[in-house]
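The listed protein sequences derive, respectively, from chains A and B.
Heads up: the first sequence at position 67 corresponds to 67 in our numbering, and the numbers run straight through without jumps.
Heads up: the second sequence at position 483 corresponds to 1483 in our numbering, and the numbers run straight through without jumps.
By construction, these hints were calculated from the structure, which means they are not laboratory data.
C-beta: ideal position from N, C-alpha, C; glycine also.
You may find that some hints are simply not true.
As the list claims (entries may be wrong) - Result set (BS3-like, lysine-lysine): computed pairs, CA atoms no more than 25 Å apart in a straight line:
no.: 1; chain 1: B; residue 1: K1195; chain 2: A; residue 2: K62
no.: 2; chain 1: A; residue 1: K12; chain 2: A; residue 2: K2
no.: 3; chain 1: B; residue 1: K1529; chain 2: B; residue 2: K1490
no.: 4; chain 1: B; residue 1: K1003; chain 2: A; residue 2: K72
no.: 5; chain 1: B; residue 1: K1359; chain 2: B; residue 2: K1559
no.: 6; chain 1: A; residue 1: K118; chain 2: A; residue 2: K92
no.: 7; chain 1: B; residue 1: K1309; chain 2: A; residue 2: K2
no.: 8; chain 1: B; residue 1: K1406; chain 2: A; residue 2: K66
no.: 9; chain 1: B; residue 1: K1175; chain 2: B; residue 2: K1379
no.: 10; chain 1: B; residue 1: K1536; chain 2: B; residue 2: K1379
no.: 11; chain 1: B; residue 1: K1309; chain 2: B; residue 2: K1354
no.: 12; chain 1: B; residue 1: K1309; chain 2: A; residue 2: K62
no.: 13; chain 1: B; residue 1: K1359; chain 2: B; residue 2: K1379
no.: 14; chain 1: B; residue 1: K1406; chain 2: B; residue 2: K1309
no.: 15; chain 1: B; residue 1: K1519; chain 2: A; residue 2: K66
no.: 16; chain 1: B; residue 1: K1175; chain 2: A; residue 2: K12
no.: 17; chain 1: B; residue 1: K1175; chain 2: B; residue 2: K1204
no.: 18; chain 1: B; residue 1: K1529; chain 2: B; residue 2: K1519
no.: 19; chain 1: A; residue 1: K62; chain 2: B; residue 2: K1379
Claimed, not checked - What the simulated footprint calls covered on chain A by chain B, stretch by stretch (three residues with Cβ under 8 Å from a Cβ of chain B suffice, anywhere in the stretch; the number is not a length):
no.: 20; segment: 14-21
no.: 21; segment: 54-63
no.: 22; segment: 133-139
Said to hold, decoys possible - Among chain B residues calculated to face chain A with C-beta under 8 Å, some are:
no.: 23; residue: R1122
no.: 24; residue: H1127
no.: 25; residue: I1147
no.: 26; residue: Y1182
no.: 27; residue: P1304
no.: 28; residue: T1305
no.: 29; residue: S1308
no.: 30; residue: K1309
no.: 31; residue: N1310
no.: 32; residue: V1313
no.: 33; residue: P1316
no.: 34; residue: Q1451
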Amino acid sequence: MKHTLSVLLQNKPGVLSRVTGLFSGRGFNIESLSVAETLDSSLSCLTLVTTGSDAIVEQITKQLHKLIDVIKVTDISESEYVEREMALIRVKAENTTRAEVLRVIDIFRGKVVDVSPKAYAVEVTGSATKIQAIIDILRPIGIKEIVRTGTIAMARAPK
Amino acid sequence: MGKITGSEAIIQCLLEEGVKTIFGFPGGAVIDLYDALMDSDVNHILVRHEQGAVHAADGLARVTGDVGVALLTSGPGATNGVTAIATAYMDSIPMVILTGQVPTPLIGNDAFQEVDIVGITRPCTKHNYLVNNAEDLVPTLREAFHIARTGRPGPVLIDLPKDVVASMVEFSEKKPIRMQNYQPTYEPHLGQVEKACKEILKAKQPVLYVGGGVILSNSNEELTELAQTLNIPVTMTLMGLGGFPGGDPLSMGMLGMHGSYTSNMAVAKSDLLIAVGARFDDRVTGRIDAFAPHAKIIHIDIDPTSISKNVDVDIPIVADCKHALAAINNWFVSCGQDLNEVGATHSEWIETIKEWTRKHPMAYADEGEVIKPQFVVEKLDELTGGDAIITTEVGQNQMWAAQFYKFNKPRRLVTSGGLGTMGYGLPAAIGAKMAFPDATVIDIAGDGSIQMNIQELATSKQYDCPVIVCILNNNYLGMVRQWQELFYDKRYAATVMEVTPDFVALAEAYGAVGFRCDKTSEVEATIKKALEAVKKSTVVLDFRISREEGVFPMVPAGKATTEMLLV
């Protein structure tokens, strides 16, 4: 099962390497990882998507928590949450396909952020499934390059 | 206090933490620190290889429970220590390792003797630091000691750039350390304790499975009280030996791959396994689905990651073993039941256990004048009254020591359990002897392992730190040879030591005393001579043992622990 973990950690050199080293050393899987500092600049928030049985994810959570520089680990996929990912996609946009590309971008509420004679660079945000959907649609037209941020996520506030 | 040099501050911190002896090896990056050490009250032991320094500090830590400290230079000095750091990490030994580093402006430039030791040791330390700023030096040292000795203990490494150590720093007053992100759980959850106790009351065939956590938390008395009050048989892991008196009728000895028949059968038949400070290591469990198949499992451990890591646990108790066992004992005292009666309900179970031991005791075949290694260990036990500090190397020698020496007290067996590091025994013996100068310290060794750190004989000579090195010499890398005999058609690939030094002559070359013995009838006299001679000098004993003797019982890798090969 897929789990999205939100990890609060010290914003110090080497901390990210402790986290990734833990995953590689213990054979855990990282699907995506995204990290940046929080409101408090001494802390970073890391969103990590991993897959595994409940027992493995419990071990991952406990092992992460054991790292001295890790402050808090939450499996936010256990309750309601929102997730977003951003992708930059460079897609072929020649005379014959340009209109089609624009239509697709519009449907996915994307934006063209770079234009060249033969291609558009498109910015699109959404859940990982939505990003995958636009990739699937654009692929037959011709994707030249793609960069994704990996998922970031936040638990929904209690109602 | 005003400003002092970084070196002086480090020494002040060591003294403040109660460190009397450190082990190390100098080099360019730590020369300032060595200069300051020369006039300080910290006793420095110069080893002959950095691995020896860290093992010696580890040995000291294991016998005392204090934090062991080693000081290494940058680059190769630090990397030479890595095996020993990993050794301490696997066995949860409290240590602080100080390594020199090139000056901060040179870090990352591939400077002479530069290595990213913080990066290298990240997976084998509890935590580590690179001190980039002089003002962080003192707080980092204090935090390192705090982390090393609290919670599940472990080694902490501090990398010290030369310019930071040479700079002037403020030596502030020590305040209690509070870390937002590190707060180990010492006190057990009382609801869990009650659940566990009720389960213990119900059990007909309970077994206490005791690991190194009992030694580390000094909870042998609480454990003994629980076992004896409720008449519960006890089995111990290699790291747990001495946590419960080996000579007590309730002791079943070690369990697992080379555990006693009784221990493995008892675990397999038990209806309740009470794991205390143990981690269900593969050498203990054998085939995991066949481990304690009928038992409910209670697991006490201070490290939440140990719980349900390998085996699903029914009642976890995250706590320090000492606190948890005390809480359990208290619960029973006030539970209103007649505890003698509860204990009596286990008598049939105890009878079954005794029957197993009668049928299959720890044993070995007699070969007349050909020396049996087990006999040597039995004689060591007898002639030292079971009261020596025994360090071991790794392999057959280690298992024979664990099987045939009766450890009646904790912190008497000093062995590399988790990592299984050959070359551990001699430097660890020196560390132990430094801590307890009046103790008899014996390194039970093999002819293979001892050669991995034999240079430390010079250290023992230089510091007048006499220990006995008891080599069970079979001219083989015996444990691997045993596997080859049993599972690889006796193809002894790379396990025959075709050249072995003359250990007696080698001992003499290092200024120690050496005795050789190749007859069973002379074993006792040889050990007596050694026990006399060690009062003045390190002694190397070269016992020429039965060459192809094996360690039994043995559970082949991947088999259930009841599928033992017996003598």
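For each hint, the structure was consulted:
For the suggested pair B/K1195 and A/K62, the alpha carbons sit about 23 Å apart, so the restraint of at most 25 Å is met. The hinted pair formed by A/K12 and A/K2 fails the criterion: a straight-line CA distance of about 28 Å is larger than 25 Å. Distance hint between B/K1529 and B/K1490 is unfulfilled; the C-alpha atoms sit about 37 Å from each other, more than 25 Å. At most 25 Å may separate the alpha-carbon atoms for a hinted pair to count; B/K1003 and A/K72 exceed this at roughly 37 Å.
With a CA separation close to 22 Å, the supplied pair B/K1359 and B/K1559 stays within the 25 Å bound. A hinted pair counts as satisfied when its Cα atoms are at most 25 Å apart, and A/K118 with A/K92 qualifies at roughly 6 Å. A distance of roughly 20 Å separates the Cα atoms of B/K1309 and A/K2; the hinted pair therefore holds under the 25 Å criterion. For the hint pairing B/K1406 with A/K66, the CA-to-CA distance comes to about 36 Å; that exceeds 25 Å, so the pair is violated.
The hinted pair formed by B/K1175 and B/K1379 fails the criterion: a straight-line CA distance of about 51 Å is larger than 25 Å. For the suggested pair B/K1536 and B/K1379, the alpha carbons sit about 22 Å apart, so the restraint of at most 25 Å is met. Among the hinted pairs, B/K1309 with B/K1354 is inconsistent with the structure: their alpha-carbon atoms are about 32 Å apart, more than 25 Å. Only pairs whose Cα atoms come within 25 Å are accepted, and B/K1309 paired with A/K62 is accepted, the gap being roughly 10 Å.
A hinted pair counts as satisfied when its Cα atoms are at most 25 Å apart, and B/K1359 with B/K1379 qualifies at roughly 23 Å. Restraint check: the Cα-Cα separation between B/K1406 and B/K1309 comes to about 31 Å, which exceeds 25 Å; the hinted pair is violated. Straight-line distance between C-alpha atoms of B/K1519 and A/K66 comes to about 53 Å, which puts the hinted pair past the 25 Å bound. Distance restraint check for B/K1175 and A/K12: the Cα-Cα separation of roughly 23 Å lies within the 25 Å cut-off, and the hinted pair is therefore satisfied.
A hinted pair counts as satisfied when its Cα atoms are at most 25 Å apart, and B/K1175 with B/K1204 does not qualify at roughly 50 Å. Pair hint B/K1529 plus B/K1519 holds up; C-alpha atoms about 15 Å apart against a cutoff of 25 Å. Restraint check for A/K62 and B/K1379: the C-alpha separation of about 46 Å exceeds 25 Å, so the hint is violated. Counting residues of the segment 14-21 of chain A whose beta carbon lies closer than 8 Å to any beta carbon of chain B gives 4, which reaches the threshold of three, so the coverage claim holds.
Coverage of the segment 54-63 of chain A by chain B holds [criterion: at least 3 residues with CB-CB distance below 8 Å; count 5]. Evaluation of the coverage hint for the segment 133-139 of chain A: breached, as 0 residues show C-beta separations to chain B shorter than 8 Å, against a requirement of three. Against a cut-off of 8 Å between C-beta atoms, the interface hint on B/R1122 holds, since the closest Cβ of chain A lies about 5 Å away. The beta carbon of B/H1127 is positioned within 8 Å of a beta carbon in chain A (closest approach about 4 Å), and the interface hint is therefore held.
Contact between B/I1147 and chain A, as hinted, is supported at the beta carbon level, the nearest pair being about 6 Å apart and thus within 8 Å. With its C-beta approaching chain A no nearer than about 5 Å, B/Y1182 sits inside the 8 Å limit, and its interface hint holds. The criterion of a C-beta within 8 Å of any C-beta in chain A is met by B/P1304, whose closest approach is roughly 5 Å, and the hint holds. At about 4 Å, the closest approach between the beta carbon of B/T1305 and any beta carbon in chain A falls short of 8 Å, and the interface hint on this residue holds.
Against a cut-off of 8 Å between C-beta atoms, the interface hint on B/S1308 holds, since the closest Cβ of chain A lies about 7 Å away. Checking B/K1309 against chain A: minimum C-beta separation of about 6 Å stays under 8 Å; hint holds. Taking 8 Å as the C-beta cut-off, the interface hint given for B/N1310 is violated, the closest approach to chain A being about 10 Å. At a threshold of 8 Å, the smallest CB-CB gap from B/V1313 to chain A is about 11 Å, leaving the interface hint violated.
Hint status for B/P1316 relative to chain A: violated, with the closest Cβ pair at about 11 Å, above 8 Å. Because the closest C-beta pair between B/Q1451 and chain A is about 31 Å apart, greater than 8 Å, the hint is violated.
The structure does not agree with the numbered hints 2, 3, 4, 8, 9, 11, 14, 15, 17, 19, 22, 31, 32, 33 and 34 stated previously, though it agrees with the rest.
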